[in-house]
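A.B. asks: Given next are the chains, with one letter for each unit.
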Amino acid sequence: MTDTILFYTFALLVLGGAILTITRRNAVHSAIALIVTLIGVAGLYLLQRAEFLFAVQIMLYVGGIMVLFLFVIMLVNLDQAAKQKQFSGQWWIALLCVAGVAAGFGYFLRKGAAAFRLAPPEPAFPPGQGNTETVAQVLFSEYLLPFEIASLLLLVAVVGSVIMAKKRV
Amino acid sequence: MHPITTAHYLWLSAALLLIGTVGVLTRRNIVVILMSIELILNAVNINLIAFSHYLHNVNGQVFAIFVITDAVAEAAVGLGILIALFRNKETVLADEVDLLKW
Numbered sequence: 200m201t202d203t204i205l206f207y208t209f210a211l212l213v214l215g216g217a218i219l220t221i222t223r224r225n226a227v228h229s230a231i232a233l234i235v236t237l238i239g240v241a242g243l244y245l246l247q248r249a250e251f252l253f254a255v256q257i258m259l260y261v262g263g264i265m266v267l268f269l270f271v272i273m274l275v276n277l278d279q280a281a282k283q284k285q286f287s288g289q290w291w292i293a294l295l296c297v298a299g300v301a302a303g304f305g306y307f308l309r310k311g312a313a314a315f316r317l318a319p320p321e322p323a324f325p326p327g328q329g330n331t332e333t334v335a336q337v338l339f340s341e342y343l344l345p346f347e348i349a350s351l352l353l354l355v356a357v358v359g360s361v362i363m364a365k366k367r368v
Numbered sequence: 027m028h029p030i031t032t033a034h035y036l037w038l039s040a041a042l043l044l045i046g047t048v049g050v051l052t053r054r055n056i057v058v059i060l061m062s063i064e065l066i067l068n069a070v071n072i073n074l075i076a077f078s079h080y081l082h083n084v085n086g087q088v089f090a091i092f093v094i095t096d097a098v099a100e101a102a103v104g105l106g107i108l109i110a111l112f113r114n115k116e117t118v119l120a121d122e123v124d125l126l127k128w
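Protein sequences, first through last, are from chains W and C.
The letter at position 93 of the first sequence is residue 292 when you use this note's numbering, and the numbering goes up by one with no holes.
The letter at position 54 of the second sequence is residue 80 when you use this note's numbering, and the numbering goes up by one with no holes.
This is chain W alone, in the form it adopts within the complex (with noise of 0.2 Å):
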């Protein structure tokens, strides 16, 4: 009972937060519609006992994306751009395209929801060990190698984003 009301709450405030930020003329508004929407994101995954991945989820979406994006609408002159008209010329034509794909998601998932049902009940958890460290345990044993590549193509990102933000290279 509790988790299906949080639930509706968290995807009324995702999915109003996203559509608050495709459709707002001024960017620090769609900035600030993206974060309520990154928080409900953060909300389901807390409802999925992902306790790890919430506190990621705040820390760098919330915390480091969303103050990144800011940061760069407050270096680029956004005045004028929210002048002029925000949509595309061929907006039908993209609306078009997506109204396909969606009737086609609707009708696969409505076709296939029978196959889910309730996710059955946690097991508990070895004593001692929560979420974090089952997380932890996995991406350093199983997945160390694309863990190290991951780091690789951080260090790449960050080299990449200096040199095209710079005046002169």
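Keep in mind that a hint or two might mislead.
Stated by the list, open to error - EDC-like, lysine to aspartate or glutamate: derived pairs with alpha carbons at most 16 Å apart: (1) W:Lys284 <-> C:Glu100; (2) W:Lys366 <-> C:Asp121; (3) W:Lys282 <-> C:Glu100; (4) W:Lys282 <-> C:Glu122; (5) W:Lys284 <-> C:Glu122.
As the list claims (entries may be wrong) - Pairwise CB distance ranges (calculated): (6) W:Ala314 <-> C:Lys115: 49 to 55 Å; (7) W:Ile231 <-> C:Arg113: 23 to 29 Å; (8) C:Val123 <-> W:Asn330: 27 to 33 Å; (9) C:Asn114 <-> W:Ala313: 53 to 59 Å; (10) W:Ala313 <-> C:Leu126: 25 to 31 Å; (11) C:Glu100 <-> W:Tyr306: 26 to 32 Å; (12) C:Lys127 <-> W:Ala314: 44 to 50 Å; (13) C:Val123 <-> W:Tyr306: 35 to 41 Å; (14) C:Asn114 <-> W:Ile231: 28 to 34 Å.
Derived by calculation from the structure, the hints in this document are not laboratory data.
Predicted model, so just to flag it, every value in this text is computed and none were measured.
Backbone N, C-alpha and C fix where the C-beta goes; we use that ideal spot for every residue, glycine too.
Starting from the known structure of chain W, arrange chain C on it as the hints suggest.
C.D. replies: Then chain C, alone, in the frame of chain W:
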């Protein structure tokens, strides 16, 4: 009220993905297009976590961590490109960048 199943999460993530796609395809402001890409990546993460919960398998959460890593890298490089673009062309509208257009 019936309880929440995995299918509910799949509906939600499909809706979020479609909203993000509409944002990428229709908006002209590049900052908002990058935000819409974040929406799409979050829809993917909801799916991964839903199945991780349903199957009692923590691999989905590890994958979600990698998706978040990619989202960070993409946002950093994308915003760097945006700053370079604004310095050179004084615009943040995607359809005014038409150097390669006939």
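A.B. asks: Could you run down the list of hints and mark each one as holding or not?
C.D. replies: Taking the hints in turn, this is what the structure says about them:
Proposed proximity of Lys284 (chain W) and Glu100 (chain C) is contradicted: the alpha carbons are some 26 Å apart, above 16 Å. Between the alpha carbons of Lys366 (chain W) and Asp121 (chain C) the distance comes to roughly 24 Å, so the proposed pair goes past 16 Å and is violated. Annotation: proposed proximity of Lys282 (chain W) to Glu100 (chain C) is violated, straight-line Cα distance about 28 Å (limit 16 Å). Proximity of Lys282 (chain W) to Glu122 (chain C) is assessed by CA-CA distance (about 15 Å); at most 16 Å being required, the pair is judged to hold.
For the given pair, Lys284 (chain W) sits about 12 Å from Glu122 (chain C) by alpha-carbon distance, which is consistent with the 16 Å threshold. A C-beta distance of roughly 50 Å is found between Ala314 (chain W) and Lys115 (chain C), which places it inside the suggested range of 49 to 55 Å. In this structure the hint that Ile231 (chain W) and Arg113 (chain C) lie 23 to 29 Å apart at CB holds, the actual value being about 26 Å. The given range of 27 to 33 Å is broken by Val123 (chain C) and Asn330 (chain W), whose C-beta atoms sit roughly 44 Å from each other.
The hinted window of 53 to 59 Å between Asn114 (chain C) and Ala313 (chain W) holds, with their beta carbons roughly 55 Å apart. With their beta carbons about 49 Å apart, Ala313 (chain W) and Leu126 (chain C) fall outside the hinted range of 25 to 31 Å. The hinted range of 26 to 32 Å is satisfied by Glu100 (chain C) and Tyr306 (chain W), whose Cβ atoms lie roughly 31 Å apart. At roughly 47 Å, the beta carbons of Lys127 (chain C) and Ala314 (chain W) sit within the given window of 44 to 50 Å.
Distance hint for Val123 (chain C) and Tyr306 (chain W): a CB-CB separation of about 37 Å, consistent with the stated range 35 to 41 Å. Between Asn114 (chain C) and Ile231 (chain W) the C-beta distance comes to about 29 Å, which sits within the given range of 28 to 34 Å.
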